[in-house]
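Listed below, chain by chain, are the residues.
Protein chains: 2
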Amino acid sequence: MENLKTSEELRDYFLQIIEDFKNDNCEIHPYDLAQDLAKLRDISDEDYEFICKKMPSDLFAEILCEMPNYVQEEISEVLSDRKIANITSKMDSDDASMLIHNISQNDEEAAQTILSKLDDEDKEIIERLNSYEDDVAGAYMQSELFKVKLDENIKQSLLRLKEQKENDELDNIFHAHIVDENNKFIGSIGLEELILFDSNLDYKDIPEDKFTNFSIVDSEDIKEAVEMFTHYNLSALAIVDDKNKLVGRITHDDIHDIIQQIDTKQLYSLAGTNDESEQEESMYLIGRNRALWLGVNLITAILASVVIGLFDATIQSLVALAVLMPIVASMGGNAGTQTLTVTVRQMALGEISYEDAKKIIYKEVVISLVNGFIFAFVIGVIAYLWFDIALLGVVIAISMVINLFSAGFFGAVIPIFLQKRGIDPAIGSTVILTTVTDVVGFFSFLGLATLILL
Amino acid sequence: MENLKTSEELRDYFLQIIEDFKNDNCEIHPYDLAQDLAKLRDISDEDYEFICKKMPSDLFAEILCEMPNYVQEEISEVLSDRKIANITSKMDSDDASMLIHNISQNDEEAAQTILSKLDDEDKEIIERLNSYEDDVAGAYMQSELFKVKLDENIKQSLLRLKEQKENDELDNIFHAHIVDENNKFIGSIGLEELILFDSNLDYKDIPEDKFTNFSIVDSEDIKEAVEMFTHYNLSALAIVDDKNKLVGRITHDDIHDIIQQIDTKQLYSLAGTNDESEQEESMYLIGRNRALWLGVNLITAILASVVIGLFDATIQSLVALAVLMPIVASMGGNAGTQTLTVTVRQMALGEISYEDAKKIIYKEVVISLVNGFIFAFVIGVIAYLWFDIALLGVVIAISMVINLFSAGFFGAVIPIFLQKRGIDPAIGSTVILTTVTDVVGFFSFLGLATLILL
Chain A
142 MENLKTSEEL RDYFLQIIED FKNDNCEIHP YDLAQDLAKL RDISDEDYEF ICKKMPSDLF
202 AEILCEMPNY VQEEISEVLS DRKIANITSK MDSDDASMLI HNISQNDEEA AQTILSKLDD
262 EDKEIIERLN SYEDDVAGAY MQSELFKVKL DENIKQSLLR LKEQKENDEL DNIFHAHIVD
322 ENNKFIGSIG LEELILFDSN LDYKDIPEDK FTNFSIVDSE DIKEAVEMFT HYNLSALAIV
382 DDKNKLVGRI THDDIHDIIQ QIDTKQLYSL AGTNDESEQE ESMYLIGRNR ALWLGVNLIT
442 AILASVVIGL FDATIQSLVA LAVLMPIVAS MGGNAGTQTL TVTVRQMALG EISYEDAKKI
502 IYKEVVISLV NGFIFAFVIG VIAYLWFDIA LLGVVIAISM VINLFSAGFF GAVIPIFLQK
562 RGIDPAIGST VILTTVTDVV GFFSFLGLAT LILL
Chain B
142 MENLKTSEEL RDYFLQIIED FKNDNCEIHP YDLAQDLAKL RDISDEDYEF ICKKMPSDLF
202 AEILCEMPNY VQEEISEVLS DRKIANITSK MDSDDASMLI HNISQNDEEA AQTILSKLDD
262 EDKEIIERLN SYEDDVAGAY MQSELFKVKL DENIKQSLLR LKEQKENDEL DNIFHAHIVD
322 ENNKFIGSIG LEELILFDSN LDYKDIPEDK FTNFSIVDSE DIKEAVEMFT HYNLSALAIV
382 DDKNKLVGRI THDDIHDIIQ QIDTKQLYSL AGTNDESEQE ESMYLIGRNR ALWLGVNLIT
442 AILASVVIGL FDATIQSLVA LAVLMPIVAS MGGNAGTQTL TVTVRQMALG EISYEDAKKI
502 IYKEVVISLV NGFIFAFVIG VIAYLWFDIA LLGVVIAISM VINLFSAGFF GAVIPIFLQK
562 RGIDPAIGST VILTTVTDVV GFFSFLGLAT LILL
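Residue numbers (my numbering), protein chains in the order written: chain A, 142 to 595; chain B, 142 to 595.
Derived from the structure by calculation, the hints contain no laboratory data.
Heads up, a few of these hints could be off.
Since copy identity is lost for identical chains, a pair holds within one copy or between any two.
To be verified - The calculated DSSO-like cross-link candidates involving lysine-lysine, where the alpha carbons are at most 27 Å apart (straight line), are:
id : residue 1 : residue 2
1  : K325      : K345
2  : K264      : K296
3  : K406      : K561
4  : K306      : K351
5  : K306      : K325
6  : K364      : K406
7  : K224      : K195
Model the full assembly from the supplied sequences, consistent with the hints where possible.
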């Protein structure tokens with residue numbers, strides 16, 4: 142659709158799509174339609190509203206859940222509450238609860254009105270899903286799944302599945318999840334196993350070793366679920382409540398998104414910003430969040446300046462020190478960032494744990510120290526040749542070794558310590574680290590210069 | 142297994158596992174066994190070798206493919222070529238080709254010997270998979286899949302599937318991939334659809350709209366495949382050659398790993414290091430790669446020092462400039478990193494594209510400029526109060542605005558430009574950016590000071 146540039150072309154394109162959809166003949170994937178609708182929204186509010194209003198609810202349900210949060214947030218300004226309720230009722234429960242959550246961010250009242258127009262069952266499910274904390278497994282689950290009883294006949298259950306699929310109630314089915322008469326979770330059987338059994342059998346006739354029993358309690362951290370998916374190569378994971386009753390499932394495609402979200406958060410945190418605010422459309426909100434971190438950085442930069450200020454007399458008497466001093470700080474900052482980033486990432490991927498702390502710190506200190514000696518030699522020679530003062534070369538070399546040692550040590554210790562204290566090691570650790578490498582860099586360089594050169 | 146600390150305990154544990162496995166009674170997931178085997182390898186080379194030698198090939202095949210590359214690389218030093226060939230023959234083709242690739246990194250001759258001991262079919266498949274470039278879809282595929290012909294009977298095909306599953310030839314099946322008599326790919330049908338049809342039908346009797354036709358050519362960039370998985374929520378993707386012949390598939394669990402690999406690479410590149418070398422066991426290799434980037438950083442730091450050196454007379458006459466100058470550079474570096482990171486990430490996630498370049502640059506410049514004015518005011522007042530020189534406050538304020546403007550502008554332009562030129566925008570962009578913010582920061586601050594204060 143890269144050719145469609147004008148709002149007229151996009152509008153006509155969507156009118157055709159709506160026509161095709163009504164004739165059961167629309168072959169474009171909702172994701173691609175969402176991209177084009179977002180494009181139309183960028184160009185023309187008027188045409189965007191026109192198309193949104195024209196769009197059948199079941200088609201819009203598929204498209205809307207592919208659109209970014211800020212578009213969902215303001216959908217109540219474009220469509221009537223009744224239509225949004227209709228759209229919501231066509232969505233899977235995880236998408237529906239996300240939509241209502243997003244709308245409530247913008248207009249709590251609209252969200253409540255929409256909820257009140259849903260049937261009791263939908264309403265209850267959405268309210269339950271939205272009552273979970275953001276970071277627990279339950280917040281990401283859907284309640285739609287293929288549930289069967291042990292004494293159920295396979296063929297009967299498949300007829301039920303067929304009906305539910307035809308009514309668009311179920312999709313993306315990978316397992317039959319088996320429960321007892323109290324809805325307690327027993328295990329799952331993959332369709333790839335199930336399809337090989339005689340459908341006249343009951344589920345209880347299937348040998349137990351064909352069942353898998355991966356499940357997670359709804360209140361557990363979503364990261365635990367992500368780990369189960371990545372370690373055990375799951376397609377879907379059963380979610381149970383604290384009484385082991387089956388309440389939902391998470392499918393692998395949700396996990397792709399969660400992995401990318403977690404990684405984005407980590408990357409942004411290390412760079413001193415925040416994934417949630419960066420997804421806002423408002424430049425004010427993005428800028429305000431970044432200003433917060435820049436403010437913290439300003440304080441640490443002033444702290445470094447105070448350290449430099451202690452040595453103003455030294456600098457006055459040898460201005461070459463002012464010329465060279467950023468080099469030591471910069472090299473420390475860079476070496477520290479390397480260590481910090483690798484440590485944070487390997488902890489996040491579960492490749493290293495607190496037990497390995499000693500080993501990691503040792504490794505990082507050795508690497509940093511060896512590089513410290515190499516660059517100490519290089520910069521020592523350069524400083525000597527540049528300013529023709531041999532002892533200046535010695536001073537910068539020694540302070541380079543000291544600062545790269547601290548870079549390696551603190552680059553490893555800071556995230557390990559934060560993680561151990563239950564704090565996300567990506568958030569704020571960069572600022573703490575550069576404070577250390579700046580202060581140590583300036584202090585060691587100017588302090589040694591005062592001792593040795595003057 | 143967190144309690145098993147000594148090598149004796151771990152050795153006994155694995156002897157029990159081997160016993161259980163032989164009795165078809167091992168319920169521990171290979172991933173968890175791989176973790177424990179890695180632990181044993183860390184503690185005792187001797188016990189590790191003893192267990193590796195004892196382990197039945199089919200069990201070891203499952204465990205070894207969950208172990209890190211560097212363990213696979215040196216497995217030829219632990220086991221005989223014959224046993225490794227045996228293990229390789231039990232693996233899925235993607236895991237087998239990865240193992241041979243890893244062994245060849247360490248000992249090309251051993252890899253060739255092992256290949257020569259495989260049967261011709263296995264050997265040919267592994268050689269084909271390893272002939273792909275690292276970053277194309279074909280390099281990640283497996284050749285094992287459930288392939289059916291249009292005129293084939295569903296029940297017949299399922300009997301074949303059952304047999305292949307019982308022989309451990311097939312696993313993780315989500316679709317039947319349908320081909321014509323020339324092996325040309327026609328489409329796929331999900332098991333969740335297939336299970337609902339009367340198994341007495343032929344595939345050609347299934348209505349065509351139940352088929353999906355997602356496929357990708359083996360020579361396409363793996364990132365394209367990742368995008369198809371994340372956009373279209375696929376479970377598996379058919380891989381075809383340039384003549385549309387079906388040659389393999391990629392499954393969703395591989396995509397989890399690839400997403401995490403891509404994200405790790407991005408994160409490490411931005412921090413001035415490299416994901417591949419960080420995965421090495423040797424501190425020498427890790428340190429050497431980091432030294433490379435530190436060397437580049439040293440050059441840019443010296444460049445910044447040269448800029449400072451231009452103004453040594455100015456600093457000599459007002460040493461407060463030396464005290465304050467790192468603040469401007471540091472704030473520019475931080476604001477620039479925020480912009481750079483967000484731009485790189487949003488391009489990688491496909492949220493923004495080259496077409497949006499103007500919009501992104503505008504957004505980033507506005508945010509940076511507004512923050513520039515805020516922090517210019519703050520630092521201007523602080524500098525005035527600290528040194529009691531009003532014009533010093535004016536100088537630092539103006540240079541803060543200038544540097545945060547460049548930070549926003551170059552933080553957005555550098556990655557967009559690199560991406561447009563086909564260069565990975567995460568690699569090297571941080572160093573280029575901090576060179577800009579250092580040089581602009583020092584030059585504007587000291588230059589303005591020379592003009593205004595002296």
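Against the structure, the hints come out as follows:
In the homo-oligomer, the alpha carbons of K325 and K345 lie at most 27 Å apart inside one protomer (15 Å), although the nearest pairing across protomers, at 41 Å, exceeds that limit. Proximity of K264 and K296 under a CA criterion of 27 Å is satisfied in neither setting, with 32 Å inside one chain copy and 42 Å between copies. In this homomeric assembly, K406 and K561 come within 27 Å of each other (Cα to Cα) both inside a single copy, at 19 Å, and across copies, at 25 Å. Proximity of K306 and K351 under a CA criterion of 27 Å is satisfied in both settings, with 24 Å inside one chain copy and 12 Å between copies.
Proximity of K306 and K325 under a CA criterion of 27 Å is satisfied intra-copy only: 24 Å inside one chain copy versus 30 Å between copies. With identical chains, the CA atoms of K364 and K406 are at most 27 Å apart both within one copy (13 Å) and between copies (21 Å). When the C-alpha separation of K224 and K195 is checked against a cutoff of 27 Å, the pair qualifies only within one copy, where the shortest distance is 11 Å, while the shortest distance between copies is 66 Å.
Violated hints amount to a single one, hint 2; each of the other numbered hints is respected by the structure.
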